[in-house]
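> Here's the letter readout for the chains.
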Amino acid sequence: MECKGEALCAEVIRISASDVGKCMRCGKCSASCPSYDEMEYHPHEFAYMVSSGDADALLESDSAYKCVSCLTCSERCPCGVAPSRLVEAFRIIKARERSNAAFAPERSVFDDGEIPGQALVSAFRKFSK
Amino acid sequence: MFVCHCGTNIAGTVDVEAVADAMKSESGVVYSATYQYMCSQSGQDIIKKAIRDYELGGIVVCSCSPRMHEATFRKAASSVGMNPYMVEIANIREQCSWVHKNREDATSKAITLARAAVAKLKLNFPLTPGESGVTKRALVIGGGIAGIQTALDIADAGYKVDIVEKSPTIGGKMAQLDKTFPTLDCAACILTPKMVDAAQNENIRIFSYSEVESVSGYVGNFTVTVKKKARYVKEDVCTGCGLCTEKCPRKKIPSEFNLGMDNRSAVYIPFAQAVPKVAVIDSEHCMMLKENKCGVCSKVCTAGAIDYTQKDEYIEEKYGAIVVATGYEPISLERFGEYARGMSPDVITSLEFERLTSAAGPTHGKLVRPSDKMKPNTVVFVQCVGSRCEPSLGKGKEYCSKICCMYTAKHAMLTKEKYPDAEVYVFYIDVRTPGKNFDEFYRRAAEEYGVKYIKGMVGKITPDGERLNVSASDLICRKKLEIKADLVVLAAAIEPSPTARALATKLASSMDTNGFFTEAHPKLRPVESPTAGVFLSGACQGPRDIPETVAQAGAAAAKVIGLLSKERLTANPCVAVCDEEMCSGCSVCGNVCPYGAITYVEKEFRVPGGRTKARRVASVNEAVCQGCGCCAVACMSGAMELKGFMSSQIMAEVDAICRTSR
Amino acid sequence: MVKVSYYPGCTLKNKAKELDKYAVRCAEILGVEMEEIENWQCCGGVFCDSSDEVATKLSAVRALACAARRKTPLVTVCTACHNVIKRTLHALRYDAVFSERVRNYLGDEAKGAENAEVYHYLELLRDVVGFETLKGKVVNELKGKRVAAYYGCLFLRPGSVMQTDDAEDPRIMESFIKSLGAEPVIYPMRNECCGAYTFFEEKEAALKKGAAVLKSAENFGADLIAAACPLCRYNLESSSKSLPGGAEKKLPVVYFTELLAEALGVKEARYGM
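Protein chains in written order, with the working numbering: chain A, 12 to 140; chain B, 2 to 663; chain C, 11 to 283.
Derived by calculation from the structure, the hints in this document are not laboratory data.
Honestly, I wouldn't trust all of these hints.
To be verified - Quick list of simulated restraints, FRET-style, between CB atoms:
id: 1; chain 1: B; residue 1: ARG68; chain 2: A; residue 2: ASP30; range: 29 to 37 Å
id: 2; chain 1: C; residue 1: GLY255; chain 2: B; residue 2: LYS291; range: 30 to 38 Å
id: 3; chain 1: A; residue 1: ASP67; chain 2: B; residue 2: LYS524; range: 39 to 47 Å
id: 4; chain 1: C; residue 1: LEU116; chain 2: A; residue 2: ALA112; range: 22 to 30 Å
id: 5; chain 1: B; residue 1: THR506; chain 2: C; residue 2: GLY146; range: 45 to 53 Å
id: 6; chain 1: C; residue 1: ALA65; chain 2: A; residue 2: ASP30; range: 22 to 30 Å
id: 7; chain 1: C; residue 1: GLY255; chain 2: B; residue 2: PRO435; range: 27 to 35 Å
id: 8; chain 1: B; residue 1: THR506; chain 2: A; residue 2: ASP30; range: 44 to 52 Å
No experiment lies behind these values; they were computed from the predicted model shown.
We treat Cβ as the ideally placed atom computed from N, Cα and C, and that holds for glycine.
My request is simple: use the sequences and hints to build the entire structure.
Here's what the structure looks like:
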């Protein structure tokens, strides 16, 4: 099932349980985002685009995968919008689009032998698409 | 029966003709008509003519809320000889046409409401209001610009007025400000003459360092106890020479007036222009009061004004009217750890900035970084800190604090005036400038002074070496910004004074969810509280700037003058009445009465066998009773009733509604 | 002896043994017996932040139910596990739809999970043992060491759910450090992200994030950094290695349990004096 337009936004709102209508466009989320420079679309744009009913570009962009899930945006949002949950919803929608969603990290990253198991498990959850 | 169209407000949803027709066949109704605006002169004429022509005993007006026009229709009826309490209002606007969409349902509900009103009216009886006198003296609580202006205006009209101020001097927040927007004139230059005027006006008494202890009574006749806190200095003897403050050995106490940015001594005068200019001893820090050691101030005082044995004093006074002018405080920024206020002294609040630029401030007006007293080359202003927040998050306030946009523009300009080469940034969400010459003022900051306005909230302030790293995002350029600043100024939200809530309880005055005093009507009665005789002035009612505060102070004074100029006040006749035969004297009603209107008396009652027996029963002071109805609800034996709203009348309404409901 | 249920999590059983070993040993000294819960499963590393995900949260529910059956509080040492478990508990308590779906999946296995009490090991020290008591048990004060606590994200956020401490200006780790006799260093980046799991795809960006934390701690005069999460420690160390300069100039990053173990005399002194 391909989700687009208003239907996509409705799905994002359902999954995230985020009240995007509360966003007052202050941008404190983006100002707090440690991955701002890596992202094509920033946390405040996630909120804005989802509330405007046209967020297809967010599904096509890889911005959601630049997020470190540090939750700072949601913590500091004065309106309780929780942009991090919107980002997570996009990751989830993408993963659910296909039955064989997967994540294959480069072999080289394991070379140092020190990587904690938790990192791999987290990456599987966050990067599967 | 008079059914109002209210233009399309009612007629758009309710078939008013059908309502009038249906009511024609209702028992007791002899006349039924509709009109476009029943409250207009011609509408009232229809009512008056019908009362005369049909010799009506009572009327029902189906219209808007009784809060809106009950008084209008009562007056009309009374002008043709009908007792005004024989007028009933059926609210078919707020409670019917405005809340329903379906015409059929709304019409049938309107008919039901009209029937209920008729059922009640049949049980109405004429009421005659009592009268009471008016004490020709007003009390103003709070001695900031709002309180001072209100008091001056009331005094000008020739009435006595007392100001109760909790701190040792009047002047309030405005005394701490440097310049004022949108003219950049000096706050002290326009405020201090008013403070002196207040002190010198023979109609004004100032109780500084005092608080309202208790309030009783009612409009026109309040009795207030004022607690004059011991200042350990005889107010009438002290000359304000300041020698004691110089000699006092305890000098390291953070100054309240300068917001802790410099120190004062244990005996102090808050600032040079204080009114009254009288010293006060801080009992928490004075060695003499704490440990009975020292006594230097007493030795150096040539006037002999120091009195370590002074006690709190209670003064009881009668007032006809009370004005609340308790003002505001900036919120605590404790919950905004991301702005590093606890980590760097160079992150300050806007009010602290005022002290830093004020010539009477801790730096004598030299704008420097608090940490190293150096000139700041880059200054960042952050707006809306704690304003416009989702209240359930418990971090900030839901409302816009209103004054911050303008004072931030002012601060930015002042910075540029002092240091033309400084980089000045203002981070904003919206710049709100609804006021005379306000937008021009803000544009001047941006255009003439070169202040950089950036849309976007600051995310975090990170102290980094001697400077502060300000992380923000420019929402218009879609760019992350990291600005190295020397000084960051946070525009903290404002909230009602912490003393306001306890005062509201004493005054039986209501507050909104944010703790601001509520007005009787947001548009039509903005300076009156819903409690008769209590008026509102300034920021105790909601965030407001100085021009608005002064305007409101004048308006509150006009209302007070209007009240004090009356010789007698007409009371509300819808007061509680006790059926003594049923009263058991249990005291429940007296306990719930917010106005202290109920007392208990011993009375002789006839008992079977021709004898009498003494019994304790409730007695209502009709002059004090405000008709709130608490007692009637609380009374377990059904003895307490509210005139105009007797149980029988309410039950008749309920019956009428139940009979007609589908 | 106070008994608690202990959820170690995967990483503590292999790459982060110091976190596990010293936590259990020190707890004993402090009068707390940490009983590992049986058949625990991986928490998933990160809490799936969506209203309709159930399966990914079930291992946390099982752990909670197990602790509830034992009627002892559930303690975790790894911050990431703690975050998943505490947020799952919150969802069980306040999201009726979620808790019903959980019951549909697990039946009796989930019974009582919502009644479990959850502590991070540091909260256990603060709220059950008490930092004053801890201070009294210290045999080897870490005097003169300036220790910068690194909180990262998951220990504090979301603040309304975790309720650990003020999410923007926390103090719990500083109080802990103080009770060991060391001097806590409060620096602004202590609750900013280390880069988390993103080094798989954004290595450079992840290293930069860690480096910013290190630099901030260094600027505020830290001698070493104490972390509570294996991934935080890994990222900070990776960042440290990637920075120029020899090993002797670099800030060591240790687990907070190592410092605790040193102070209580169960580990050879290395970072203390």
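> All hints are to be evaluated individually against the structure, with a verdict given for each.
Each hint, compared with the structure:
1. B/ARG68 - A/ASP30: 29 to 37 Å: For A/ASP30 against B/ARG68, whose Cβ atoms are near 34 Å apart, the range 29 to 37 Å holds.
2. C/GLY255 - B/LYS291: 30 to 38 Å: violated, 56 Å
3. A/ASP67 - B/LYS524: 39 to 47 Å: Hint holds: Cβ distance 45 Å, inside 39 to 47 Å.
4. C/LEU116 - A/ALA112: 22 to 30 Å: Because 25 Å falls inside the window, the suggested range holds.
5. B/THR506 - C/GLY146: 45 to 53 Å: holds, 47 Å
6. C/ALA65 - A/ASP30: 22 to 30 Å: holds, 26 Å
7. C/GLY255 - B/PRO435: 27 to 35 Å: violated, 56 Å
8. B/THR506 - A/ASP30: 44 to 52 Å: Check failed, 35 Å falls outside 44 to 52 Å.
Checked against the numbered hints given earlier, the structure breaks hints 2, 7, 8 and satisfies all the rest.
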